Each structure stands twice: as C-alpha cells, then as structure tokens.
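Enquirer: Quick note, the sequences are listed as chains X and Z, same order. Numbering follows my numbering, in which position 167 of the first sequence is assigned residue number 167; successive positions increment by one, without gaps. Numbering follows my numbering, in which position 164 of the second sequence is assigned residue number 164; successive positions increment by one, without gaps.
Derived by calculation from the structure, the hints in this document are not laboratory data. Note that the coordinates shown come from a computational prediction; the quantities given were computed from them, not determined experimentally. Accuracy of the hints is not assured; some may be wrong.
Listed below are several chain X residues computed to face chain Z (Cβ distance under 8 Å; list not exhaustive) [said to hold, decoys possible]: (1) Gly46; (2) Val137; (3) Leu158; (4) Phe162; (5) Ser169; (6) Leu294; (7) Ala297; (8) Ser332; (9) Val339; (10) Ala343; (11) Met348.
Take a look, some chain Z residues computed to stay more than 12 Å from chain X by CB distance [what the hints assert, rightly or not]: (12) Leu5; (13) Val61; (14) Gln85; (15) Gly98; (16) Leu103; (17) Gln106; (18) Ser109; (19) Ile232; (20) Asp260; (21) Val262; (22) Val264; (23) Ile282.
Ranges of calculated distance between the beta carbons of each label pair, as one might list FRET restraints [as the list claims (entries may be wrong)]: (24) Z/Arg119 to X/Thr224: 54 to 64 Å; (25) X/Ala43 to Z/Ala76: 22 to 32 Å; (26) Z/Thr53 to X/Ala43: 50 to 60 Å; (27) Z/Ser55 to X/Ala31: 25 to 35 Å; (28) X/Gly62 to Z/Thr108: 22 to 32 Å; (29) X/Ala219 to Z/Thr162: 48 to 58 Å; (30) X/Ser48 to Z/Thr156: 29 to 39 Å; (31) X/Lys179 to Z/Ser55: 48 to 58 Å; (32) Z/Arg119 to X/Gly201: 21 to 31 Å; (33) X/Ala125 to Z/Thr156: 52 to 62 Å; (34) X/Asp58 to Z/Ala279: 49 to 59 Å.
Glycine included, every Cβ here is placed at the ideal spot set by N, Cα and C.
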Amino acid sequence: VSVFEPPVTGPSGLAVRVRSLRPWWPLLAVAAAVLGVTAALVAVGGASPTAAANGLIDQSLGTRTGLGETLLRFAPLALIAAALTPSLRAGLFNIGAPGQLGMGALASGLVALHGGGLPGGVLIAVAALAAALAGLVWALVPALLRAWLGVNEILSTLVFNFLAAGLLSYLLGGPLQGKGANLAQSDTVPTAANLPTILSGTRAHIGVLLAVAAILALAVYGSTPSGYRLRLFSASPSLAEQAGVSGRRLVVSTMLIGGAGAGLAGWMQVLGVDHLVYATAADPVGYAGLFVALLGALSPVGILIAAFLLGALLQGGNSLQIGAGVSPEITSAVVGLIVLAVAAVGGMRKGRFAR
Amino acid sequence: VSAVLITAVALMVPVLFAALGELVSERGGVLNIGLEGMMVVGGYTGFQVMDRTGSPLLAIVAASAGGALVAAVMAAVSIYGRANQIITGFALFILAPGVVDFLYAQQTSGVATVPSTPRLGTLDLPVLSSIPVVGRALFDQNAFFYLALGLAVTITVMLRMTRFGLELSACGEDPAAATTKGVRVLRVRTIGTLCAGALAGIGGAALTVGALGSYSPGVMAGRGFIAIAIVILGRWRVGWVVAAAALVGVADSVRLRLADTVDVPVQLLGLLPWLVVLALLIVGGRSLGRMPQALGRDVRGAS
Chain X
1 VSVFEPPVTG PSGLAVRVRS LRPWWPLLAV AAAVLGVTAA LVAVGGASPT
51 AAANGLIDQS LGTRTGLGET LLRFAPLALI AAALTPSLRA GLFNIGAPGQ
101 LGMGALASGL VALHGGGLPG GVLIAVAALA AALAGLVWAL VPALLRAWLG
151 VNEILSTLVF NFLAAGLLSY LLGGPLQGKG ANLAQSDTVP TAANLPTILS
201 GTRAHIGVLL AVAAILALAV YGSTPSGYRL RLFSASPSLA EQAGVSGRRL
251 VVSTMLIGGA GAGLAGWMQV LGVDHLVYAT AADPVGYAGL FVALLGALSP
301 VGILIAAFLL GALLQGGNSL QIGAGVSPEI TSAVVGLIVL AVAAVGGMRK
351 GRFAR
Chain Z
1 VSAVLITAVA LMVPVLFAAL GELVSERGGV LNIGLEGMMV VGGYTGFQVM
51 DRTGSPLLAI VAASAGGALV AAVMAAVSIY GRANQIITGF ALFILAPGVV
101 DFLYAQQTSG VATVPSTPRL GTLDLPVLSS IPVVGRALFD QNAFFYLALG
151 LAVTITVMLR MTRFGLELSA CGEDPAAATT KGVRVLRVRT IGTLCAGALA
201 GIGGAALTVG ALGSYSPGVM AGRGFIAIAI VILGRWRVGW VVAAAALVGV
251 ADSVRLRLAD TVDVPVQLLG LLPWLVVLAL LIVGGRSLGR MPQALGRDVR
301 GAS
C-alpha cells in the first residue's frame, strides 16, 4: 500500500458512505460540462442550442422511424464494443476496429456480389463468415507483433487502419468500382443479400439481435474459465504466468475476437444499411465502438446503455443539418467530449493527490 | 536524388516539430496520444491568422497557442485529474479535430471559394546551398525548417544541461522518487505537455501555412501518430528522432517521386509510408530499453 493512499475506515463509517456516493457527483458535473460546451459550440456555429437539442431527441427517439435508425446505429457499436472488451480488459489498447470493419465490409460485399446462385439466407450467412474472417485476419498481424515482439499495439493497429483505408479506396475506386460511380464505392448488392428487418416500417435488422447476443455472451464469458484467466492476467500478468496462463495466447486470442466482431459490424453496414461497399464504411462507427466499450466501463450492461445512447446521438446529430442548420461534424466533437469526460471521471474516482 | 532530398526534408518538417514535442512530453512520463489533435488545431489557427494578417510570425505564435490550449486540457485532465493518459489523449484526438472541422464547416457552408494564402518562400543561404546533392535540401528551405533545427538543438541542451531538463527526466523515470527529492512533478510534467502542444501546433502550421497555404479537414492525415512512432523509433533521444523523421520524410518523398514515374495507382503508393512506419516499429519495438520507465503512469504509479 502506497503512503499516498487515503485512510480506510470501517464498513459502517460515514467515510465509506460518502465514498460510495462520490462517483456520482463528478458524473453530474461532467455531464453538465459536456452539455454546456456543446451548447456553446452550437451557438458559436451560429445556430440555436435548444432547437438543436429538440431536433436531436426528436429525430432519434421521437418517432418509430427515428427509433429504428437509432437501433440501426446501436447494433454495430454494441457488437464492436462487446468484442473489443476482452482485449481492453487484458490491458491492450486495441484501436484497430475501423480497419477490421472496413475489411469485413469488403469481404461481405464481395460475397454478396459474386455469390449469385446461393439462396438469401445462405448468402447472408456466408457473407457474415467472410466478414468475421476478414476482420480476424486484419487483427492477426498486430496481435502477433504485440505478443511476440512487443510492438506497441496502439500504433500497429493504427497503421493497419490506414492500410485498410488505402486498400479500400484503391479497390473501390479502381478494379471493384461500381458502374457509373464517381465515388469509391462498389455495385449495389442483390436484394436477396439484404438483412431481414425485425421492426416493420424501419431499417432495424437482425444485426440488432446479434449485437444483443454478443453482449450476453460477454456477460457469460466473465464467469467462464477463460474469462477468469483474463481477469487474473489483467490484475497481474506475472502472477497469471506463474499460474500457467499464457500471456501471448491471451493477447492474440482477445485481439482476434475484437477483429472478428469489427468485421461483422462491417457486414451489418454493407448488407443492412448501405447495400453497397463504401471506402468510408468505417466512419464513424469504427472508433465510436471503442468509445462505447470505454463509456460502458467494459461491463455488459454499461455497453448496452452506452451503445444505445451513442447510437441516438449519432442518428440525431446526422439529422441536425437539415433541421437546425448544424453541421454533422458536431457529433465527432461531442463524442470526443464524452470520452474526455469519461476519462476525467475515471481520474476523479482514483481520488485526489495527498499533498 | 537531389530533388528527392529537397522534398524529403520539406515533408519531414511538420512531423519533426510534433515528434520533438512528443519527445519532451514523453521524457516527462506523459504519453500524448492526442498529438494529432494538437497539430490540427495549430494548423487551423495558424492558417486563420496567416490568412487575416499575412504575418508568418503571428501565425506561428497563434499555432503554438492553439496547440498548447489542447495540451492544457490534456494536462488538467490527465496530470492534475489523474485520468488515464491514453484515453484522455485519444479523446482529444477525436475532440479537437471535431471542433475544428465543425467550425470549418460552419465557416465554409455557402462560401464558393475556400481561402488560401501563398506558400511560404524558401530562405536560400548563399554558398552553403550550392553544396552538391545535399546543399539545396538543407540550406534552401522555408523558415519552419530552420526553426525546427534550432529547436532540436535547444531541446538537446535543455534536456542535458539544465535543471529543468534533469527534473523532467526524473519525472519520467521515477516520479515518486522525484517527489521526495522536492521536484514538483505535476508542474514539471505540465510544462513538458504544454511544450508538446505548442510544438505540435507549430508542426501543424508548418504544413498548412508553410507547405500548403491552405487548410482542409483531414489534412494532417495521421502525421501526429507517425510522430509518436518516430519517438519510439528514435529511442527517446533527440538525435535519433531527427534521423527517424528524416527517414520517414525520404519514404514519403520517394512515394511522390514514384507516383510521377511508375504506373502504380496513387492510393497503393499512399500505403508506402505506413509500411515503412510498420517496419520501423518492428525494428524499433525490440529496443524499448531507453523508454522512460514511468511513461503513461501518474505520480502514484497507476496508469
């Protein structure tokens, strides 16, 4: 125990009760700060903050279509966050989801475009498999480099994001470009490959169920033997090694899970939303999925809530352009603010320095 | 060869500023992932001031202030607020460009032409610039290049010979021990982080004001992250960082050269610098021995 640690009183003491309340006031303060800064930003941009807020809530939760669109954005965020959580719990700051999502989108798009003879259900399943595999392959090199050579995973996954972006913009702007397209995009996939919807009159598709299943799987994973090994490893890598846990295997396997999840999010994007492959398929879902995991404090319930709220924010923010004259770039600023707030709250929970 | 070198040195400058800033910050134990965001803010504010006043000097001052402002948030949240450095930096990497791009979009919506300024001219040092091969690459560049070299020397001297430099390294190696020796760790680390922000801001301006004469969203294109890789590759030493930045500059320059001469799609050539960075990470990743021991950790040693 470090000399800086504050004294701990008995379980019935007032100090403990105050301490258990403590996580809440910074949360409120920080939420107020996020709202204030956002409102100021909107005002600086020359629009009305209240109109923007009304428009945002109305467009994301107020109507059936809006709710469907929110669920549509919820699905990839929740899936990526759930899949990234094991590697984040292992202490790896794996930011490769955008690249893995892009490769997954490309793979499922190729399957959908060229698997013409297959019946719809099989086609969708094969595309999902291809997408998960593509995401996994894209995560493999950074995972191996980290496990065997100790190469910093933040930078290596980032490099692979840029490599994927370059590859996609080359392929979709060249050999795979759709007929008559000006942008870097593929042909439209056949309608047989469209994901079935789960809520009539909306675009919310079966991917939403998959995302919920992934969160449930994460909840169960925590109490399995491998989930326990992961907890041991994140608490103390050296102790875990002594107990026979292979750190290398853990690093590689958790990063591959993250890659497969991000690849599947690409499958949702192509077959459920865009119905063709854009070179920019991963914007802004790729990084936002990581934020959902952090925002949800790496817990299944937290991820569920965070993914829904961020989905609503992305959906509402996109529709602000028309309603309130606010550029959609505002969402990326707000998302950044929220992550900053989460980091700040995490710091506050550690307590102040004793001086 | 000479032409490739001239371009290589020009391309190296923005990244070199940012890498020098990151070096100062990391030597103090603060891992600054938000470097890219600081470059974007510096590049934007620098260009805005250049566009309005026409003074490169004012532009550099504004750019360093803009970058330092982002760094001040980093310091407040992660040094004084004890937040995780990586998450804080990553938040700033999303937040700062988001704010800038939002302001840019609001500013340019409905405007027909985006503003641009003439690129900064080169300062030709007579005699020296006529040295064969390297002469024009090293002695006929714009003011930012000479400023970067001057800063590299200043930082070397600062780290090795001043009290502050030694205190900074102490904060990066063992903040608890530094505290017991009377070093005000939080303050020293904050100064290091602000330096990183100011330098990254100038780096951004070196691109927008110096090399391009315009600002557009996405113009930094990951240079902040390349700078972080360069610091790892340069083993946290000024001389090696300059060498690594030069190497990446050469790779970037060769890419541009190949685009003119070889029939390879430009998007594929764009992968080349990233492949070089990856290769460098693999080579440099093995020699982490000189990494500041408390990098990414707060005064109590928590991450």
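Enquirer: Would you list, in rising numerical order, the hints stated earlier that this structure does not obey?
Expert: When the structure is compared with the hints, numbers 2, 7, 14, 15, 16, 17, 18, 19, 22, 23, 26, 27, 30 and 32 turn out to be violated.
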